[in-house]
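J.: For the record, the sequence lines run as chains Y and F. Numbering-wise (the working numbering), the first sequence opens with residue 229 and increments by one. Numbering-wise (the working numbering), the second sequence opens with residue 1082 and increments by one.
It should be emphasised that the hints constitute simulated quantities derived from the structure, not laboratory data. As the structure is a computational prediction, the values presented were derived from the model and not from experiment. For each residue, glycine too, the CB sits at the ideal point set by N, CA and C. Hints may be right or wrong, so weigh each one.
[To be verified] Sample of chain Y residues facing chain F (criterion: CB under 10 Å; computed from the structure):
1. Gln327
2. Ser329
3. Leu352
4. Leu355
5. Gly400
6. Val473
So the chains spell out like this:
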Amino acid sequence: MALLELKNVRRIYKTKNVTTTALKEINFTAEAGEFISIMGESGAGKTTLLNIIATLDKPTAGSVILNGKDISNLKDNEISQFRRNELGFVFQDFNLLDQFSNRDNIYLPLVLSNEDESVMKTRLDQLKDRLGIAELLDKYPYEISGGQKQRIAIARAVITKPSLLLADEPTGALDSASSEMILNLFTSINEAGQTVLMVTHSLRAASFAKRVLFIKDGIVYHEIYRGDHESQQDFMERINQAQIVLSRGKH
Amino acid sequence: MNFAIAKKFAKKNLKANRSLLIPFVISSGIMLMLFNIMASLLDNHYVRTRHETLSVFMMLGLIVIAILAVIFVLYSTNFLMKRRNKEFALYGILGLEKKHIRKIISLEYLVLFTLIGLMAVIGGYVFGQLTFLGVNKLMKDVTGGLMDFPFSLTALLMTMVALVVLYIITVARSTVGIYLSTPATLLQKGHSGEGEPKSRYVLMIVGFASLAAGYIMALTIKGVLSAVSYFFIAVGFVMLGTYLLYISFSIIVLKALKKRKSYYQPVHFLNISGLLYRMKSNAVALASITILSTAVIVTVSATAAIYGNIQTMATNAYPRTYQVKFYGKVNAENYKIAQEKMTKFVYNTAKDPKHIKNVYTAFNMSIYCQEKGNKFTSYQEGARPCYLEVTELNGYNQFYHQNATLKDNEVLMNSNIKKKLPDTIIIKDKTYKVKPVSDNLLGEYGVDAYGLVVKDVDTMFTISNDVKIRQGSARIVPEMNWDLEGESNEAFYAKLKKSNHNYSVYTRQEYLKSVYELNGGFLFLGIIIGIVFLTGTILITYYKQMSEGYEDRDKYQVMKKVGLSDRLIKKTSSSQVVWMFFTPLIVASIHCLVASKIIFELLHMFAITKYMQYGIYFIAVTLIFVIVYFIIFKLTSRAYYRIVQ
Chain Y
229 MALLELKNVR RIYKTKNVTT TALKEINFTA EAGEFISIMG ESGAGKTTLL
279 NIIATLDKPT AGSVILNGKD ISNLKDNEIS QFRRNELGFV FQDFNLLDQF
329 SNRDNIYLPL VLSNEDESVM KTRLDQLKDR LGIAELLDKY PYEISGGQKQ
379 RIAIARAVIT KPSLLLADEP TGALDSASSE MILNLFTSIN EAGQTVLMVT
429 HSLRAASFAK RVLFIKDGIV YHEIYRGDHE SQQDFMERIN QAQIVLSRGK
479 H
Chain F
1082 MNFAIAKKFA KKNLKANRSL LIPFVISSGI MLMLFNIMAS LLDNHYVRTR
1132 HETLSVFMML GLIVIAILAV IFVLYSTNFL MKRRNKEFAL YGILGLEKKH
1182 IRKIISLEYL VLFTLIGLMA VIGGYVFGQL TFLGVNKLMK DVTGGLMDFP
1232 FSLTALLMTM VALVVLYIIT VARSTVGIYL STPATLLQKG HSGEGEPKSR
1282 YVLMIVGFAS LAAGYIMALT IKGVLSAVSY FFIAVGFVML GTYLLYISFS
1332 IIVLKALKKR KSYYQPVHFL NISGLLYRMK SNAVALASIT ILSTAVIVTV
1382 SATAAIYGNI QTMATNAYPR TYQVKFYGKV NAENYKIAQE KMTKFVYNTA
1432 KDPKHIKNVY TAFNMSIYCQ EKGNKFTSYQ EGARPCYLEV TELNGYNQFY
1482 HQNATLKDNE VLMNSNIKKK LPDTIIIKDK TYKVKPVSDN LLGEYGVDAY
1532 GLVVKDVDTM FTISNDVKIR QGSARIVPEM NWDLEGESNE AFYAKLKKSN
1582 HNYSVYTRQE YLKSVYELNG GFLFLGIIIG IVFLTGTILI TYYKQMSEGY
1632 EDRDKYQVMK KVGLSDRLIK KTSSSQVVWM FFTPLIVASI HCLVASKIIF
1682 ELLHMFAITK YMQYGIYFIA VTLIFVIVYF IIFKLTSRAY YRIVQ
């Protein structure tokens, strides 16, 4: 059974006079352990799609099934708990809370789930060296750099051992060195078994994934897999080609 | 950059930021308006002529308001600047030099402070007049004639000076901040955290010491005179201590809470970190609210007590509606004749002798003598005088509706000096056994004195012969007191006054009128000052809630994304708001409770001699204030939730 399955997902925004179709009909499935990039130009519907999977938004029609559960119809009081237990988020602008130390920022979702302090500590101990955050824990978010913030945010996202890790342009606000570091981190997290779904429009970022979905005009237009022995450079070249073809198709 | 361009920029900015600037102008305007009103009150006729201590106390009120106004304006410009950093950064990026930005900022604040000044001066005058009119109307019978709200040139000048100083500080602070940073750092400042507040133990110790000093002073001072002079010092210490402790102690406590094991529970976790985060910027506002609340309760309860006590004073001075006194010569031989004559006179004044009710005769005598241990002897020139108020048992029993009895060598005794009365006293060479009583035999005696009740008039003559004053023997004054029923009081009084010049005539009504003239103004001023302080409290509370609302809005968005339920957000935010709300109230109540001791000492000036005479008003005013404060809280937190959601 697929970990995540989207069936005929449609999202229409209505204001008084204007009706915008952000997602026309999205269908795809993700297996456990995959690392998927979703690419598309601005306005293609990437963020809407991610928001729907993240339960931050609801589809107008269609269903989103995670672990066999239709999450598009969750009740409001179930959503928060579901988000904490099943999903991990990494945002472009980090969304760390200045009022908490970095350690407490990471603990936040576990605290909210009433987890024991010893459990939190053990889990963080397992993570901190891998993420290179051991020295940052007692500092505050406003005292560290963007790349460091994103590593804290990743720790916060994975400490709950979510079924699915969602990332929205995680390198969008970072310089290239930090971006490289963050993307490598995603790769290693994925190799450890974590399913990752990342929205990006950066070729470089997308090439770290094992599969790339292209979204255009509200549908999944195309997808390519990275070959087993294909180098990252070659994969990036293929993504680039696909993108050029797609944008030509516009005219 | 020439002036015209700077003007254009400033104009545009003021327009663009009006949602931020209008509350700033209004609230700062009100704060300075309150300052202006307080300063104007110093020129009020009553304040200047009633008693020198009154103007000293008014000055204290003015200083408190001035300190709070400065703190408030600095606090709100801080908030303003933080929100506008991004804008200034953009100017830098777009190629404006720093001096140009400074020009624009000074121009903007010039406009804002002119508006604030206009509000303070015109608004202050109008608001002052209106409040005076209103309060005059409500209390015209009891405040002793109309009070005027003066247009005070001194107040105007003081307000202007305060305004200019605040303007200079504000512009300097804004521009220094910009000079010291690059556009990039400015951009950061707009949304960067303030840094975890440090535990400042030195400040905490100084704060506790200062608070303790103030408290000890308030609790140990005895006597009116030292109370007046120490009151100001105590207020200063307590204010300083309050500010320092809010800044330091609150943070130290919260940090300690953070170290506890229970910290990692959802509600604690969010609460403690949230409080800690905002404590740094809010400690000052909380301290200000505390001080203003204390000021409201202290002022209103003290003045209400003075006012409420007027009735008690009147019954103390005049146990019956009418009184006549005979100041002629009376001696041991003829006092009974004098008494009979008086009785006849009194009964003749009424249309029908049956109209005279509750009549009784009493004899009084005031002696100053020399006190040595429990021995009282004739006064010697140059020595410190000790005052004795002597009356006889019959008068005492009638006055207090008692049935006390005394043997030949016994006296009832009471004193306004706080020390244990001796078991016996010796007057010249005769020993009297003392039976202490709690009745205030001295009325509104301003100086330290003893009240004595002796068995009969003959004993009074014995004492007046035993203890000589400068003029020889002290004079014994017979008096008659009675009520009237069955005929018009006015006509009776007029007739009584005309009928015989041997007697001095007094009525409780006349007395009340004179006391209201003298002391009624206190209630008036108390209410006015109470309104001033209360407005300040509301203002700061409102401003604090608003600024917190803006800060919290983004935070809650993030928390929601990370999986916080709306319910938990609401729960923690409301419990934080409750904390921020009740802390000032609790601290203010403690301050007031301690202050009530020294206030009580001060109220001796107004013949309030038992703590509960003041205590009742203190409790009532505190309870009313709690209710008012709760309403303020409900209204302002509604504004807060509107912003957050």
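J.: Against each hint, give a clear statement of whether it holds in the structure.
T.: Here is what the structure says about each hint:
1. Here the hint on Gln327(Y) is kept, as its CB sits about 4 Å from the closest CB of chain F, short of 10 Å.
2. Interface restraint check for Ser329(Y): the shortest CB-CB distance to chain F comes to about 8 Å, inside 10 Å, so the restraint holds.
3. Taking 10 Å as the C-beta contact cut-off toward chain F, the hint placing Leu352(Y) at the interface is violated, the least distance being around 12 Å.
4. The criterion of a C-beta within 10 Å of any C-beta in chain F is not met by Leu355(Y), whose closest approach is roughly 17 Å, and the hint is violated.
5. For Gly400(Y), the shortest C-beta to C-beta distance to chain F is roughly 16 Å, which exceeds 10 Å, and the interface hint is violated.
6. For Val473(Y), the shortest C-beta to C-beta distance to chain F is roughly 35 Å, which exceeds 10 Å, and the interface hint is violated.
Hint compliance for this structure: hints 3, 4, 5, 6 are not met, and every other hint is.
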